[in-house]
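One letter stands for each residue in the lines below.
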Amino acid sequence: MSDSIAAMSSPGGAAKVSSINEVVIRIAGNSQDGIQAIGGFLARLAGRSEQEVMTFMTIPATISGGASIFQVRMGSGEVLSSGDEADVLMAFYQHSYDSHLSSLKKGGIVLFDSDHVVPNEEFKKDYHHLGIPISGLTVEAIGGTAKDKGKNILALGLIAKMFDLNIPKLEKLIGERFTGKDPSILNNALAAFHAGYANPLGNVMETFKFVAAQSKGGHQVVMNGNEALGYGLIAAGVRFGAGYPITPWSDIMELLRRELPKYGGTFVQTEDEIAAISMAIGGSYAGRVAVTGSSGPGISLKTEALGWAVMAEMPLVIVDVQRGGPSTGMPTNIEQSDLNIAINGGHGDSPRVVIAPANVEDCFYMAIEAVNIAKKYSVPVIILTDQGIATRIEAFTEPNLEKVCQDISPDFTPVAEHKPYDLSKPDGITTHLPPGTKINSGKYPIVTGLEHDELGHPTGSPKLHMQMTAKRRKKLQALGASLPVPKIYGPPEGNILLVGWGSTEGPIREAVDRARAAGDSVSSIHIKHVNPLPNGLENIFSGFNHVLVVEMNDEGLYGFGQLGQILRARYCDAKIQGINKTDGLTWKVKEILERAKTNVSAGLRKL
Amino acid sequence: MSQTLTETPERAGNIATVAAPVVPATEERKGLTKKEIAADHPTWCPGCGDFSVLALYFKLIEKRKMWHEKITTVAGIGCSSRFPYFVQAHGVHFIHGRALPFASGISLSRPDLHVFVFGGDGDAFSIGGNHFNHTARKNVKMTYCVMDNWVYGLTKKQTSPTSPLGFKSKTDQWGAVDYPINPMKQAISAGATFVARTTHTNPNHVLAMMEAAMDHDGFSFIECLSECVEFYEGAFDASNPRKGGVFNEVPKSHDVTDEFAAYKLASEPFPGNFGIFYKVNKPTKNAKEAEINASYQSKVTGLKDWQILQKNFDKLR
Numbered sequence: 001m002s003d004s005i006a007a008m009s010s011p012g013g014a015a016k017v018s019s020i021n022e023v024v025i026r027i028a029g030n031s032q033d034g035i036q037a038i039g040g041f042l043a044r045l046a047g048r049s050e051q052e053v054m055t056f057m058t059i060p061a062t063i064s065g066g067a068s069i070f071q072v073r074m075g076s077g078e079v080l081s082s083g084d085e086a087d088v089l090m091a092f093y094q095h096s097y098d099s100h101l102s103s104l105k106k107g108g109i110v111l112f113d114s115d116h117v118v119p120n121e122e123f124k125k126d127y128h129h130l131g132i133p134i135s136g137l138t139v140e141a142i143g144g145t146a147k148d149k150g151k152n153i154l155a156l157g158l159i160a161k162m163f164d165l166n167i168p169k170l171e172k173l174i175g176e177r178f179t180g181k182d183p184s185i186l187n188n189a190l191a192a193f194h195a196g197y198a199n200p201l202g203n204v205m206e207t208f209k210f211v212a213a214q215s216k217g218g219h220q221v222v223m224n225g226n227e228a229l230g231y232g233l234i235a236a237g238v239r240f241g242a243g244y245p246i247t248p249w250s251d252i253m254e255l256l257r258r259e260l261p262k263y264g265g266t267f268v269q270t271e272d273e274i275a276a277i278s279m280a281i282g283g284s285y286a287g288r289v290a291v292t293g294s295s296g297p298g299i300s301l302k303t304e305a306l307g308w309a310v311m312a313e314m315p316l317v318i319v320d321v322q323r324g325g326p327s328t329g330m331p332t333n334i335e336q337s338d339l340n341i342a343i344n345g346g347h348g349d350s351p352r353v354v355i356a357p358a359n360v361e362d363c364f365y366m367a368i369e370a371v372n373i374a375k376k377y378s379v380p381v382i383i384l385t386d387q388g389i390a391t392r393i394e395a396f397t398e399p400n401l402e403k404v405c406q407d408i409s410p411d412f413t414p415v416a417e418h419k420p421y422d423l424s425k426p427d428g429i430t431t432h433l434p435p436g437t438k439i440n441s442g443k444y445p446i447v448t449g450l451e452h453d454e455l456g457h458p459t460g461s462p463k464l465h466m467q468m469t470a471k472r473r474k475k476l477q478a479l480g481a482s483l484p485v486p487k488i489y490g491p492p493e494g495n496i497l498l499v500g501w502g503s504t505e506g507p508i509r510e511a512v513d514r515a516r517a518a519g520d521s522v523s524s525i526h527i528k529h530v531n532p533l534p535n536g537l538e539n540i541f542s543g544f545n546h547v548l549v550v551e552m553n554d555e556g557l558y559g560f561g562q563l564g565q566i567l568r569a570r571y572c573d574a575k576i577q578g579i580n581k582t583d584g585l586t587w588k589v590k591e592i593l594e595r596a597k598t599n600v601s602a603g604l605r606k607l
Numbered sequence: 001m002s003q004t005l006t007e008t009p010e011r012a013g014n015i016a017t018v019a020a021p022v023v024p025a026t027e028e029r030k031g032l033t034k035k036e037i038a039a040d041h042p043t044w045c046p047g048c049g050d051f052s053v054l055a056l057y058f059k060l061i062e063k064r065k066m067w068h069e070k071i072t073t074v075a076g077i078g079c080s081s082r083f084p085y086f087v088q089a090h091g092v093h094f095i096h097g098r099a100l101p102f103a104s105g106i107s108l109s110r111p112d113l114h115v116f117v118f119g120g121d122g123d124a125f126s127i128g129g130n131h132f133n134h135t136a137r138k139n140v141k142m143t144y145c146v147m148d149n150w151v152y153g154l155t156k157k158q159t160s161p162t163s164p165l166g167f168k169s170k171t172d173q174w175g176a177v178d179y180p181i182n183p184m185k186q187a188i189s190a191g192a193t194f195v196a197r198t199t200h201t202n203p204n205h206v207l208a209m210m211e212a213a214m215d216h217d218g219f220s221f222i223e224c225l226s227e228c229v230e231f232y233e234g235a236f237d238a239s240n241p242r243k244g245g246v247f248n249e250v251p252k253s254h255d256v257t258d259e260f261a262a263y264k265l266a267s268e269p270f271p272g273n274f275g276i277f278y279k280v281n282k283p284t285k286n287a288k289e290a291e292i293n294a295s296y297q298s299k300v301t302g303l304k305d306w307q308i309l310q311k312n313f314d315k316l317r
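Protein chains in written order, with the working numbering: chain A, 1 to 607; chain B, 1 to 317.
Possibly wrong hints are sitting among the right ones.
Unchecked claim - For each label pair, taking beta carbons as the anchor points, the in silico distance ranges come out as:
(1) A:L423 x B:K299: 46 to 54 Å
(2) B:A208 x A:L423: 38 to 46 Å
(3) A:S409 x B:A294: 17 to 25 Å
(4) B:K299 x A:S409: 16 to 24 Å
(5) B:R137 x A:T328: 24 to 32 Å
(6) A:M330 x B:E291: 36 to 44 Å
(7) B:D258 x A:K376: 51 to 59 Å
Claimed, not checked - Computed footprint of chain B on chain A, listed as stretches where at least three residues anywhere in the stretch have a Cβ under 8 Å from a Cβ of chain B:
(8) 220-228
(9) 238-252
(10) 271-278
(11) 399-411
(12) 442-456
Read the hints as simulated data drawn from the structure, not as lab findings.
Every residue gets a Cβ at the ideal spot worked out from N, C-alpha and C, and that includes glycine.
With these hints in hand, go ahead and build the complete structure from the sequences.
Quick look at the structure:
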């Protein structure tokens, strides 16, 4: 546990090496200092060392500059969250020191740039202070006109020294990062790294060494959620898409724009969000499930066309990387407040599928699942991720791409006749024929947003509207019935069941572990298929006294968050309550536990 | 002529590798008859100009021997946008103003198809104005025929973006006060590579423009005056010789590659000129994307898709 560091690093102690299982390092500086790069190197190193890793970052919504942090938790055991408190804080500026010292564990180490930071004497008793002139050393190491550019790499050298990290592996990572650039850039980076590594760290403290991680068998890959999602779509066979830039979705469209040409595909940057979804639907109509995506405000703009895809029953994948809303809101913060629009956004009865990956690995596999659901049920599927999962880096077992990659090329075999909206089909599932397909009867279908008959021709018939509305609903009910019931984390019976969805799985599970270690009866489930929900949740709920839905959104007018409302509506169960927050930051484990405690001790309020 | 309507083009080095149907290119087929190509009976008012545009689309299909399954007709919302229902072929009735991006999605992923988009002035220049500009500037290969009647007909007589000043509608009882859009100028300045003007009262001319537009490799735009007999009767009489007007063809001396001359032609007061105002050959977005693809695919020749992806994953270890 990370407690070990605090316990073993005593000021003035003899230099020695202590074994640790994991560490949480928070790097605080400005966004242009390349602090994300340090975090990225550490995360990638952890992945290559078969360690587990999770990162968390904040980026300012300013165009250039602004305070920024990057937190890495890496270790030899299971890493579920990016950590409540840091063991080590690296502070580049006075504001970094002042704002983030409180995030440091008592007795933890604050490593600060003594060229910029004047430590507060008052705090010296609580935290181990280590001042190193990082900026000065960088100028010394690199020389020339670069000023202190490269101090992030020097700082990486300091961390490498402190935690006895694998130097050849880090050198290789630095080499890969700067490959193809001017060779002097790589030389400078390595010079800065070694200058950091050679620093005696004030000769006052011990260093640490990770205990060996258990072999995971097979390679790990390290990436963030946006990358995993983008590559997942490619593996799924998606070859066409369209989008408009918006944070934090843009990374995915940049990746697809860059990668798809290799596969003979195209991603189009359109003039606006509406054109993006319209063009993607056009691509799907042309025969192959296409993708569009956005964040918050962009999703609002897309809802009319989304409604068309529901009505015309056209497959489509829509990625929503949620951020703080409403309106422009908090563009670089984390929130799970788009669940309502994802499930219900738009006018009319418009059932669609909504799924939510719980971690970076899920982003890859659920992108494939989304494509397959869209294709099989001829329906738009929304993948809900959020700013947290989009930018967080995790290591996971490398997928077997030969097995996983699929071909979803359209079939143009001529058919005798075709009715896309065939009412006699079981489960109400529509199939479309792409243009180019010959229909020997000479009767061709129209796809339309008007209520229609079985061939797609407009109708004002009340009976057909009822039948078609039911058809669009029934196919999702059929999907719901086929979904697996979520596995319970912890015993199937007890006092409290925490229910989560999306990026919060890690901290919720860690909360369960911590509570159980303290003797409390807490379990959790994580819902990945949010619309339709799987059947059978009521059986799980029946095993607990309290069902607390943990969400990063507002408790709403009636006291329950967005998923909470749905679960209450479906199960009419008063023991379902919400634990909600809107501070734009990931859940801390202790926050969940404290809130759960308060909620339960308050009794079943609002009955 | 554009081969895409009757046969499948070469697949190599083309985004056609994504999704082109394999159809024997040599198959002989007769042209479709009007009976085979007509679907629902149009819901337009008797005397509507849109009837003649539809009839001439049928004629085009017949004359050029297009294959049933290769015809893709897309529309947005409006009276004229009902068009696809009346054509017995693959068709799409999309949402208001967004037919062009939808059609771009088809065009850019299916080089074997030539997409026709039909719509009205509200769809094209009001709610869909942004898409008109951007589809034109990107030069996405398709034909866009705007049936311009200078009024909102489906919603029963409101001012449209092409209604002339002073036109009395339900939203401007005292007469329209907003300056109208000039579709030809709009198209030329947006970068459309084929810009033509015609009117429903001259069938041969409409057909000639449709043929020329279809054969153009790029974004081809036709403004077709199409009278709304219900809400704007007589709007185009001045262009109809049978009603005492004049039908002036674009002068033979006009250089269709001269953007400024085209713009000048478009500035003439109603009834102005009819014919091709502007036509230049510029690489289409379709061709440019295919070029990017060919260049990137040449670096991964012989690799299966999963092997291409594996190269990325190797770097993420």
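What are the numbers of the hints that this structure violates, sorted from low to high? none
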